[in-house]
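Each chain is listed here by its residues.
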Amino acid sequence: KNEVEQSPQNLTAQEGEFITINCSYSVGISALHWLQQHPGGGIVSLFMLSSGKKKHGRLIATINIQEKHSSLHITASHPRDSAVYICAAVSGAQKLVFGQGTRLTINP
Amino acid sequence: NAGVTQTPKFQVLKTGQSMTLQCAQDMNHNSMYWYRQDPGMGLRLIYYSASEGTTDKGEVPNGYNVSRLNKREFSLRLESAAPSQTSVYFCASSERSGGYGYTFGSGTRLTVV
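One line per chain: the protein sequences are P and H, in this order.
Our numbering applies: residue 1 is where the first sequence begins, and numbers increase by one.
Our numbering applies: residue 1001 is where the second sequence begins, and numbers increase by one.
Hints listed in this document are in silico derivations from the structure and should not be mistaken for laboratory results.
Don't take every hint at face value.
One-sided and incomplete, this derived list gives chain H residues near chain P with beta-carbon spacing under 10 Å [unchecked claim]:
| hint | residue |
| --- | --- |
| 1 | G1016 |
| 2 | M1019 |
| 3 | R1044 |
| 4 | V1088 |
| 5 | A1092 |
Here are the computed distance ranges between Cβ atoms for each label pair [unchecked claim]:
| hint | chain 1 | residue 1 | chain 2 | residue 2 | range |
| --- | --- | --- | --- | --- | --- |
| 6 | H | E1079 | P | H78 | 34 to 40 Å |
| 7 | P | L49 | H | L1069 | 31 to 37 Å |
| 8 | P | R58 | H | E1079 | 43 to 49 Å |
| 9 | P | E3 | H | P1083 | 26 to 32 Å |
| 10 | P | T20 | H | R1044 | 23 to 29 Å |
| 11 | H | S1080 | P | H73 | 44 to 50 Å |
| 12 | H | N1065 | P | I65 | 43 to 49 Å |
| 13 | P | K54 | H | M1041 | 43 to 49 Å |
| 14 | H | G1063 | P | H73 | 38 to 44 Å |
| 15 | H | N1028 | P | I65 | 37 to 43 Å |
| 16 | P | P39 | H | Q1017 | 25 to 31 Å |
| 17 | P | H56 | H | S1080 | 22 to 28 Å |
| 18 | P | A13 | H | T1020 | 41 to 47 Å |
Because the structure is a prediction, the values reported are computed rather than measured.
Every residue gets a Cβ at the ideal spot worked out from N, C-alpha and C, and that includes glycine.
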C-alpha cells in the first residue's frame, strides 16, 4: 500500500461542475503539497499547507492532520483545469512522498 | 523569468552511453532535487542536496551520480545508460528542506535504446 493515496485516479466532469480530489496518507507529515501537471509536462506547485484551508482563485485546499486527509476542490471548473493533480506529503527532513496523481478532464 | 532551468529537454541515448542533465535555479534556494517520473509510478526521488556542498541518496539512486556545483547548479549524471533509465526527469528546488517555495523545472524526456 502506497504511503500517499489519491482518489479518484481519473475524473471526467462537465464545465462548471464542482470538483473534489482526495488525498490520504499514512505517514507522519509536517506539510502537504498540491501540484498540477499539464499535458505538456510542466509541474506547478499550487499549495503547501500544514493545517486548515488555503484558497487561491477557484482552487481550495484543505487538510485534516488528525484524519490524515487532504482535499483539493475546484469551483466552477473549466476545460483549462484539465491536468494531473498530485499530492505530496512532506515526511521527514527531506522527503516528499508523492501520490500517483489524479487525471482530471473537464469537457466543455 | 526566475525559476528552474533544465537542459536538455529531450535526449536519446544508446545503452552504455553517458550523459549529464543540467539544472540551475536563480531563486537563491538552498535545497535541490532530482526526480524521475514513470507511468504508474509517480515521482520518485533520485538524489537531493539539502544545501551547497551536500548530497544524499533518495529512493532510486542506483545508476546515477550527482554534483552540487554551487548554490545554483545541481547536475545528474548517468555513467552507463540502461533502457530502465528511460523516463522523464525533473529537477526541483526549494527554499529549505521540506519544500517551502517548491519549484520544478520543465523536465527532460530521456529515451535509452
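Structure-based check of each hint:
no.	hint	verdict
1	G1016	violated (27 Å)
2	M1019	violated (19 Å)
3	R1044	holds (8 Å)
4	V1088	holds (7 Å)
5	A1092	holds (8 Å)
6	H:E1079 with P:H78: 34 to 40 Å	violated (46 Å)
7	P:L49 with H:L1069: 31 to 37 Å	holds (33 Å)
8	P:R58 with H:E1079: 43 to 49 Å	holds (46 Å)
9	P:E3 with H:P1083: 26 to 32 Å	holds (28 Å)
10	P:T20 with H:R1044: 23 to 29 Å	holds (27 Å)
11	H:S1080 with P:H73: 44 to 50 Å	holds (46 Å)
12	H:N1065 with P:I65: 43 to 49 Å	violated (37 Å)
13	P:K54 with H:M1041: 43 to 49 Å	violated (28 Å)
14	H:G1063 with P:H73: 38 to 44 Å	holds (40 Å)
15	H:N1028 with P:I65: 37 to 43 Å	violated (30 Å)
16	P:P39 with H:Q1017: 25 to 31 Å	holds (29 Å)
17	P:H56 with H:S1080: 22 to 28 Å	violated (44 Å)
18	P:A13 with H:T1020: 41 to 47 Å	holds (43 Å)
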